[in-house]
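Chemist: Letter by letter, the chains look like this.
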Amino acid sequence: EPEVTQTPSHQVTQMGQEVILRCVPISNHLYFYWYRQILGQKVEFLVSFYNNEISEKSEIFDDQFSVERPDGSNFTLKIRSTKLEDSAMYFCASSSERDNEQFFGPGTRLTVL
Amino acid sequence: QKEVEQNSGPLSVPEGAIASLNCTYSDRVSQSFFWYRQYSGKSPELIMSIYSNGDKEDGRFTAQLNKASQYVSLLIRDSQPSDSATYLCAVSHSGAGSYQLTFGKGTKLSVIP
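Chains as they are written, first to last, in this note's numbering: chain A, -7 to 105; chain B, 28 to 140.
Since the hints were derived computationally from the structure, they do not count as laboratory data.
Computed from a predicted model, the values in this text were never measured in an experiment.
Glycine residues also receive a C-beta, built at the ideal position from the N, C-alpha and C atoms.
Certain hints may be false.
[Unchecked claim] Taking lysine to any residue and the SDA-like style, the derived pairs with C-alpha atoms no more than 20 angstroms apart in a straight line are:
| # | chain 1 | residue 1 | chain 2 | residue 2 |
| --- | --- | --- | --- | --- |
| 1 | A | 34 | B | 139 |
| 2 | B | 135 | A | 42 |
| 3 | A | 34 | B | 132 |
| 4 | B | 132 | A | 30 |
| 5 | B | 132 | A | 31 |
[To be verified] To be clear about the criterion: a stretch of chain B counts as covered by chain A if any three or more of its residues have a C-beta under 8 angstroms from a C-beta of chain A, and this derived list gives those stretches:
| # | region |
| --- | --- |
| 6 | 50 to 62 |
| 7 | 69 to 76 |
[To be verified] Negatives, chain B to chain A, calculated, CB over 10 angstroms:
| # | residue |
| --- | --- |
| 8 | 84 |
| 9 | 88 |
| 10 | 96 |
| 11 | 105 |
| 12 | 117 |
| 13 | 132 |
| 14 | 133 |
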């Protein structure tokens, strides 16, 4: 069964460094999302992406964040200058239609020291 | 502000019993409703989606939606120890071009053998 994949599974970085989290959505899906979950807290929406542009973004998704679909398969989230409070699980999700079921990848655990 | 409320639990049920999980939401124009299961340290796994008032059954799971009461529930019949997890209620909201999910904090379910 097709699934969303994410790399790396765990990323440790120093405060102020740039990180890139990678995702490969399900191949026939058109809508892509990033969510994050701080330990012990709820899953929070960051950004949605369709037709090579951002559809929607939350207040969390400030100028330090960017997304890109560099080729036909990958979908990336970049954090330019990481802060301690960026430490969280980051989940990529994809869906085939705009209001259809979203399927989540296994996540990347980001630890900022 | 769009809110999704769940009883955090823990909810303990004996093996073979029915587990009942509840969720309320604040935004009357919410379109679609989803239940995800999340094991500790893992990503959300989609269990059920429901889009219209009434019941929807899938195996041991039944989702119920009442838009007038802004209420959605999940029943798990013949509960198994493997059902022990946190169950997340998610509601989609129409944005500029996507349907971001707003999650509740989740209800932790423990099925006692």
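Chemist: Please flag the earlier hints that this structure goes against, numbers listed from lowest up.
Modeler: 1, 2, 12, 13, 14
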